[in-house]
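Q: Chains A and B, in that order, give the protein sequences.
According to my numbering, the first sequence is numbered sequentially starting from 1.
According to my numbering, the second sequence is numbered sequentially starting from 1.
Think of the hints as simulated: they come from the structure by calculation, not from any bench.
Just to be clear, a hint being listed does not mean it is correct.
To be clear about the criterion: a stretch of chain B counts as covered by chain A if any three or more of its residues have a C-beta under 8 Å from a C-beta of chain A, and this derived list gives those stretches [what the hints assert, rightly or not]: (1) 2-15; (2) 42-51; (3) 207-218.
Quantities reported herein were computed from a predicted structural model and do not represent experimental measurements.
No residue lacks a Cβ here, since even glycine has one placed at the ideal position from N, Cα and C.
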Amino acid sequence: MADMQVNLAGVSFKNPVITASGCFGFGREFAKLYPLEKLGGISLKGMTLHERLGNPPPRIAETPSGMLNSVGLQNPGVEAFIENDLPWLKEQNTVLIANIAGSCVEDYCEMAQRISETDVDMIELNISCPNVKQGGVAFGTSPEGAASVVREVRKHAKKPLIVKLSPNVADIAAIAKAVEAEGADAVSLINTLLGMRIDIKTRRPILRNNTGGLSGPAVFPVAVRMVWQAANAVNIPVIGLGGIEKAEDAIEMMMAGASAVQVGAAMFYDPYAPVKIAEGIEQWMNDNGVKNISEIVGTVKPW
Amino acid sequence: MSYLQKQFPILDTKCLAKDIHELVVSCPEIASQAIAGQFVNIRTSHTLRRPISICGIDAEKGTIRLVVKAQGKGTDEICRMRPGDTIDLLGPLGNGFDVKNSNLKAVVVGGGIGAAPMYGVASVYGKNCAAILGFRDSADVILEKDFQALGCELLICTDNGTRGFHGFTTQMLENYLKENHVDIIHTCGPKPMMKGVKDIAEKYGVRCQISMDERMACGIGACLGCACKTKKEDGSSTYSHVCKHGPVFEAQQLDFD
């Protein structure tokens, strides 16, 4: 019997498949298709202290094997989430990860404090949203910036703290090390890669925000490389994401060094993707005599 | 409201006009609960599903009709599907038109491919309905016989005058409202046309429902991609989502800028 269970920073997940922030809302829409307890966990839609309306449309552009988005952290604000969505989510029998974003260190700290008072299981610090001016990514693109926000948030976060890293950087290992040194319990990567498409008829960018974040299978090799580099640099768990669409991708990501994975854009073409990936991993373990999924983490044999 | 995602068999396909194809899909689970104006999100080989309005619903036979215009890689692929193929649908999605009272005197205004969802609406009202359909050219006219078979009053407009009224649907609508009592207007088509319909409906004090289109990803309200500017009750602006709060909105909710 394959043991799918993983433990991240003291939190137990029934399987290593988590839905990625921004792709799964607060879960209600997907709960009409399958019970959320099939998931290892949910990284909830990125939240801010106060309601944000997000960016003007169009917010979506298709790309070869992927997509750009410039949603811009549209969310009802943390208090509305706690009141309207958290009680329902707590009944879904899966790990809840609150993804929090801010425009200044004080906002991040207040969010972390407030979430720490709730039944959420973990906090994911979003210092990598590319679609919001002063929206986190300013902190996420240098080791010093990332360290400075984690240092302060750590004082307020009473829950295990995941830091979600941006791929739009020169040295991912240096950033991963910097946040580990300030007390991060785990890192998750990659957030989206900054991209752009132009309509050649109108000479206008397709996205009203001009640029947006690239996700989907197109980014998968970049994500594997960065997860491998980050996992080699730190001792805390790494959560791997970026373009995962099937069980083999999740296994590859775990061999690169990820202790768990997140699935995002794949859910837009196959809403059952995270469930199928979890089932596929279990099948693969049975076929390959792997008893515990954690056995494969970081087992890539580099040349 | 409930939806599902599954592979369904295609029973029939037909070319209606240049680049416009009709598919009849056997999907009893969707047909039994779908409402005119709802849509399905269709999987292709590309990353994003393609949201397509439901044209006709036959709950008894368990089929829906989809009319698709090939205007890119994804819709080209859908238009190449043939009877015997299966199609991956997620649906029925969104809120349909309010067609609960079929005794009302209704006008449907469809522009181009926007005529397709208007067929589903007109089939609820039958004789109580006038259908104003606009196309660029006589060669682009679709669903003419289908609307006629419903017994509704059919008013075709073309931009170049090669069929019916030489002019826009909005001009025809205004002429119609001057001479007829109308309880409700339903519309789908290009944005400038729908904005025009909204303005005319306001001028004549007629309730108007508009089906919106926006670049979309999940189709169910999770990703917040398909934002559309709307007005709250207090008059302030916000972003609603076409897939979940729409695609059908009351005209006064919408903020065309």
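Q: For a quick check of understanding: which of the numbered hints are violated here, in increasing order?
A: As far as the earlier hints go, not one is violated by this structure.
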